[in-house]
Amino acid sequence: MAEESKKNDEEDIRILAFLCNWCSYAGADLAGVSRFQYPPNVLDVRVMCTGTISPYFVIKAFQEGMDGVLIAGCHIGDCHYLKGNYMTAKRFQVLREALKFLGLEEGRLRLEWVSAAEGEKYADVIRSFTEEVKALGPSPLRGKKAAKAEVGA
Amino acid sequence: MAENNNELSYKLVPSTCVYCGTGCGVLLEVTGNRLSGTLPQKDHPVSRGALCIKGWSVHEFVHSPRRLARPMIRKDGELVETDWETALQAVATGLAGARDEHGPDSVGFFASARCSNEENYLLQKLARAAVGTNNVDHCARL
Amino acid sequence: MSDLKTIVKEKLAGGADAFLCLKNEEGTVLPALITDADSPDLEFVDVGESRYPLGRILIDLQREYPDKRFAVLVRGCDERALIELSKLEQIDLDRLVMVGVACSTEEAEACGCPRPYPGDIALGEKVEAAPGREVIDEVESLGDAERLGWWKEQFSRCIKCYGCRNICPMCFCKDCALENPHLVEPGVIPPDFPSFHIIRALDMTGRCIDCGLCEEACPADIPLRSLYRKMQDIMEDKLEYRAGGSVEEKNPLSFLGTEHDIEKLEQE
Chain X
1 MAEESKKNDE EDIRILAFLC NWCSYAGADL AGVSRFQYPP NVLDVRVMCT
51 GTISPYFVIK AFQEGMDGVL IAGCHIGDCH YLKGNYMTAK RFQVLREALK
101 FLGLEEGRLR LEWVSAAEGE KYADVIRSFT EEVKALGPSP LRGKKAAKAE
151 VGA
Chain U
1001 MAENNNELSY KLVPSTCVYC GTGCGVLLEV TGNRLSGTLP QKDHPVSRGA
1051 LCIKGWSVHE FVHSPRRLAR PMIRKDGELV ETDWETALQA VATGLAGARD
1101 EHGPDSVGFF ASARCSNEEN YLLQKLARAA VGTNNVDHCA RL
Chain C
2001 MSDLKTIVKE KLAGGADAFL CLKNEEGTVL PALITDADSP DLEFVDVGES
2051 RYPLGRILID LQREYPDKRF AVLVRGCDER ALIELSKLEQ IDLDRLVMVG
2101 VACSTEEAEA CGCPRPYPGD IALGEKVEAA PGREVIDEVE SLGDAERLGW
2151 WKEQFSRCIK CYGCRNICPM CFCKDCALEN PHLVEPGVIP PDFPSFHIIR
2201 ALDMTGRCID CGLCEEACPA DIPLRSLYRK MQDIMEDKLE YRAGGSVEEK
2251 NPLSFLGTEH DIEKLEQE
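Protein chains in written order, with the working numbering: chain X, 1 to 153; chain U, 1001 to 1142; chain C, 2001 to 2268.
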């Protein structure tokens, strides 16, 4: 990741995407093999189900200087574990409101349902989300940790 | 928990935090025969119901398995258990030797926050009256 | 209306092995466990003005003495805590008798409690109070960047004493996320902004019973209670749940979910 940040320009934004193994990761894969173009600002983390994503993970991502966090999973009703994404939907609402109350721009966190067949949608989501986060600029929480990483490197 | 004698007893003992000179009020929780926790003393005039992290964990060292329960003496670079007689003899010889050779101010005494007020008083008494130095300090000096 | 001393004696005669209440000894109010009617502490039992996390103490007591029955003196907040703790499998309400005491008008107003009385009131008169919303309103009047700055300033005072967690009647985990070095860097004061406080706020969501002990215990006067209160408002608004209500109601974050939750999300 240190190399990644060096490669990117200072102003370049970084997005962390949590993708569920069964739908969205396959959707991202499909976007790749179909050669749909989308911005390279996204780092993927494959999880078995979006229901396994603790709000801590999202907090940690922002703490480490990510400018946006995307959570993408199966459509409601299509969850490999039947109702894992119901849990995600509930947690997400609470987390989004909490971050809003804290003063982090709402646009930096997004939840999307992307199926394994929706390569195009995945590319669209990444395009629009990257644009949105770019408009917001680098995260106000970036500072400290990023500076520390620089010194350490 | 297993070693509890199962006689129902729980009490809170008001005390003063030993870790520094502020003197925050703590309540030590005693469950059965075990010191089990710390609470802040709500109406304490100094700390008014707040504590720092040291105060909150002031009970933890008491039952710590890492606590030294017997005197140890270094033999050939290794710490080995010994009896109090030998240990105190070694300390007395060492301190007296240093004092006689280099003067009383070559010796320093460092008191502990985990000891009682009275024990700390005795330590400075030993330093000033027996050895003859004012080199006394304490880890909780503010 | 009978006094506390009589009630304690009654409960001890009526099958309780011990009564957890408060005593006032020479002006110092502290919790006391009365185990028999001859106890010298009985002379000092008093509702007092200081509050202690009796729920937290009871978790330990019930665990330590699994075959004993306890009675406990509860204010509104203590009762909410015990109800919520029973849903979290930390308190066995079947082995517990609650004796309710309503807070006085001054106490209720000073504390800003949403419900300063328990379900059954054995002592005191029921009064209503309005929870303070000044801090929440102040924060919500600010824009994003100012909000972040506002909280940063508040949290920068944190000395990481863990008092908010330690005093909290709802905090019982053996492994605390706030001590996880991957989430909160050890040895750094003030703690990482905002992860330390937001993690605690998220853990309090659907759990905090608004007793305010955290804010009372905070040496840095961080408006924690308002933060957690806002989290409960979010929980009620989004997931229609408020901690400390009836025993039957289930916390929506404790089970997977219903179509209803999804409909609500999609409305937005």
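Hints listed in this document are in silico derivations from the structure and should not be mistaken for laboratory results.
Owing to the predicted nature of the structure, the values given are computational and were not obtained by experimental measurement.
Worth double-checking, as some hints may not be accurate.
To be verified - Computed list of chain C residues with no C-beta within reach of chain U, every gap over 12 angstroms:
#1 I2007
#2 L2020
#3 G2027
#4 R2051
#5 L2061
#6 P2131
#7 E2138
#8 V2139
#9 P2223
Claimed, not checked - With a cut-off of at most 27 angstroms between alpha-carbon atoms, the simulated DSS-like pairs for lysine-lysine come out as follows:
#10 C:K2174 <-> X:K100
#11 U:K1054 <-> C:K2009
#12 C:K2087 <-> X:K83
#13 X:K60 <-> C:K2126
#14 C:K2068 <-> U:K1054
#15 U:K1011 <-> C:K2009
#16 X:K134 <-> C:K2152
#17 C:K2087 <-> C:K2152
#18 X:K60 <-> C:K2152
#19 C:K2160 <-> X:K83
#20 C:K2152 <-> X:K100
#21 C:K2160 <-> U:K1054
#22 X:K60 <-> C:K2068
#23 C:K2005 <-> C:K2174
#24 C:K2174 <-> C:K2126
#25 U:K1011 <-> C:K2174
#26 U:K1011 <-> C:K2068
#27 C:K2068 <-> C:K2087
#28 C:K2152 <-> U:K1011
All residues carry an ideal CB built from backbone N, CA and C; glycine is no exception.
Q.
Need the list of violated hint numbers for this structure, in ascending order.
A. Hints 2, 3, 4, 5, 10, 11, 13, 14, 17, 19, 22, 23, 24, 28 not satisfied by this model.
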